[in-house]
Structures are given as structure tokens and as C-alpha cells.
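In this text, residue positions in the sequence shown follow the working numbering: the first is 1, and each later residue adds one.
In case anyone wonders, no lab produced these hints; they're calculated from the structure.
Among the hints, a few may not be true.
The list that follows gives simulated cross-link-like pairs (lysine-lysine, DSS-like), each with its CA atoms no further than 30 Å apart [what the hints assert, rightly or not]:
| no. | residue 1 | residue 2 |
| --- | --- | --- |
| 1 | K72 | K230 |
| 2 | K72 | K89 |
| 3 | K129 | K72 |
| 4 | K191 | K205 |
| 5 | K230 | K191 |
| 6 | K242 | K191 |
| 7 | K230 | K173 |
| 8 | K205 | K224 |
| 9 | K224 | K191 |
| 10 | K129 | K191 |
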Amino acid sequence: LETIEASVAFFQIHPGAIYLHQGESYLVTELDLANHTAYAMPTTAAYYTQARDITDLHILRVIHSRSCRQVKVYLGEVEVTTTVVGFRKKAQFTEEVIGEEPLDLPPQHFPTIALWFDLPPEAITQIVKAQSDLAGGLHAAEHAAIAILPLFALCDRNDIGGVSTPLHHDTGKAQIFIYDAYPGGIGIAEKGFDLIEELWQATLKAITECPCQEGCPSCIQSPKCGNNNKPLDKRTAQMLLKGLLGSN
1 LETIEASVAF FQIHPGAIYL HQGESYLVTE LDLANHTAYA MPTTAAYYTQ
51 ARDITDLHIL RVIHSRSCRQ VKVYLGEVEV TTTVVGFRKK AQFTEEVIGE
101 EPLDLPPQHF PTIALWFDLP PEAITQIVKA QSDLAGGLHA AEHAAIAILP
151 LFALCDRNDI GGVSTPLHHD TGKAQIFIYD AYPGGIGIAE KGFDLIEELW
201 QATLKAITEC PCQEGCPSCI QSPKCGNNNK PLDKRTAQML LKGLLGSN
């Protein structure tokens with residue numbers, strides 16, 4: 001049928017995947033890793049598939065760092081490891097989850113360029129005292145920033161990846177990473193690093209002005225989230241971004 005880029009192959013043509021080619025649906029029946037070939041057959045299935053993955057990021061080298069407001073912002077070389085661990089079957093039109101299956105695929109590693117930034121201690125303390133969802137706030141802020149960055153970098157949302165965690169193994173603290181989703185990087189993270197304050201402001205504006213209560217695809221939900229958009233916390237994301245900008 002066609003050739004698939006290796007970096008996205010496990011997301012699109014894993015065993016059991018529904019693959020679209022020229023408007024026709026195909027069910028992937030086998031993935032031959034040794035020969036880099038997937039086998040598929042035509043299907044009339046009334047569902048589509050969405051891969052679930054676990055992504056980890058290891059810092060290799062800091063290229064630049066600078067202070068911005070109350071925190072430090074970094075640009076550096078990183079290694080991203082992505083493992084596709086399963087997939088969901090979702091009904092067409094209704095989006096109802098009608099099944100979920102595990103996958104046993106090898107992890108994929110690639111070097112790229114990322115930006116990341118510290119979070120203001122005062123905001124973290126405030127969130128912990130309020131017993132708010134820190135992990136959900138970090139995840140929501142990461143999603144929203146990834147959605148906004150293409151407005152500055154003139155790229156597609158799928159060109160960017162992200163990782164957020166309340167405790168990163170390389171830094172020992174809460175962190176949000178945004179990286180180029182291509183081996184070696186293509187300049188998107190550098191643009192975000194240069195315009196980080198504008199990115200924070202635009203991200204906070206997008207979240208605050210969205211009329212939804214809990215978060216929606218227009219603000220903090222991502223169509224390509226490997227964790228099915230969980231956890232997400234819109235209010236905590238606003239607290240974090242206000243803390244980064246030094247506003248109440």
C-alpha cells in the first residue's frame with residue numbers, strides 16, 4: 001500500500017490497527033519487525049484504533065539556559081524513549097470505547113532537541129496545600145503549550161511531543177518538556193525557548209478564555225495523547241502558568 005515513517009509506524013500499523021489508505025479501511029493482521037513489513041486486509045469495521053504509549057525522556061546535554069521571571073528555562077539534547085503498550089477500539093461517530101488490547105512491541109529511541117523549564121516553588125506549595133492535582137496540572141499545561149507553539153513556530157501539532165512529571169529522574173523536580181518529534185530536531189524547541197514567555201502567556205490565555213469547566217479539545221485535551229487525556233486538571237494548569245508569569 002505505502003511506506004510509513006519508522007518513528008510513527010508502531011502507532012499506526014501495530015497488530016490490530018485500523019489503517020486508512022485512500023479512504024479505505026484496512027485491518028493490520030501482522031507486523032513483521034525483522035523485515036519492516038506490516039500485513040493488512042480490507043475491513044468494514046465500524047471502529048477506529050488509538051494507540052496507547054509510555055514516553056520517557058533522558059537529558060543528554062544542556063545547550064543553553066536562562067532565567068525567565070522566577071524560573072530557569074533550558075534548551076538541550078535529549079533522548080526520547082517511546083513504547084506503544086496497547087490500543088483502544090473506538091466507535092466511529094460516537095467515540096465510545098468498545099475494546100482495549102495490550103501490545104508487546106520494543107521501545108523506540110531517538111535523539112532530539114527539547115526545551116524544559118522549572119516550576120515556581122510558590123505555585124507548587126500552593127497547589128499541594130490546596131490538595132490539587134499537580135500531575136494533572138502539569139499534563140494539562142503541557143498539552144495546551146504544545147497546541148499553542150505551532151502559532152509561533154509555524155509547524156504542525158504532530159511535529160511536537162511532550163513529557164510532564166511531578167518528579168523527573170534527571171532533575172529531581174517537577175518538569176515540563178517540549179521536544180521536536182523528529183530525530184535530531186528541526187528547530188521547533190529552539191523557537192519555543194526563545195519565545196518562552198510569550199508561549200506561557202498565550203497558553204494561559206487559551207486555557208482561561210475557554211468556556212469549558214473541566215477541559216476540552218479546545219484547551220487542554222490532545223487528540224494524540226497516549227494516556228487518553230488522563231490525568232488533566234485545568235484549574236491547576238492555570239495556577240502553574242500564573243506562577244510562571246508572576247501573576248495572581
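Item to complete: Hints the structure violates: just list their numbers, smallest first.
Response: The structure breaks hints 2, 10; every other hint is satisfied.
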